[in-house]
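One line per chain: the protein sequences are B and U, in this order.
Note that the numbering used here numbers the first sequence so that position 60 is 60, with each residue one more than the last.
Note that the numbering used here numbers the second sequence so that position 63 is 63, with each residue one more than the last.
Heads up, a few of these hints could be off.
[To be verified] Pairs of lysine-lysine, BS3-like flavour, derived with a Cα cap of 30 Å:
#, chain 1, residue 1, chain 2, residue 2
1, U, K57, B, K40
2, U, K15, B, K19
3, U, K9, U, K57
Hints were generated in silico from the structure; no laboratory data involved.
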Amino acid sequence: ETGVTQTPRHLVMGMTNKKSLKCEQHLGHNAMYWYKQSAKKPLELMFVYSLEERVENNSVPSRFSPECPNSSHLFLHLHTLQPEDSALYLCASSQEPGGGAAYGYTFGSGTRLTVV
Amino acid sequence: AQRVTQPEKLLSVFKGAPVELKCNYSYSGSPELFWYVQYSRQRLQLLLRHISRESIKGFTADLNKGETSFHLKKPFAQEEDSAMYYCAPWEAGNMLTFGGGTRLMVKP
């Protein structure tokens, strides 16, 4: 599949579980992002990676741990989450950090996370 | 501080009516501007960008530097336009910033 692919599409986990979200892009982009989308804050930037290095972390709780092993893959490791962490988690990529004037971001379909 | 505001969380219009989704930004420089759209059960995707001066699906957006606005307009709304719309300014050296979004509902 071309574009940005996220797995799994849906995830239900208990508060003591450990799980990981995966994102993969086949666009040759150099920057990748994690966003949280919920009713309270529609699009909340969590992490930004540029060329596999984290360049921004918007004060996200440590129970969320990102990993970017290469420019095509991005993970979000989850542990001891709270019910309020239930949301749609979106991955995005861009040709350059920030998006650029002409291209913006390409988003994945998201992982719908439910914490019980 | 950089800020983007979409004052309406929900906009409801009848099919065939004109629609305008408002976006105001507060930036020190001259950002580039984008509109993103998210249809039900679909991914967030780029709708149009100011730099291209394009019209997509009948939508246009005019940049008003004096009012620092980038409102999205369509003369005749269709039911399939129902979606969540996000305005997003971008300035070199910074990340794309998304507004709070406006949900457009087009009623038959």
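Hint check:
1. K57(U) x K40(B): Answer holds: K57(U) to K40(B) is near 29 Å, not above 30 Å.
2. K15(U) x K19(B): 44 Å, violated
3. K9(U) x K57(U): 22 Å, holds
Comparing the model with each numbered hint stated earlier shows that hint 2 is the single one that does not hold.
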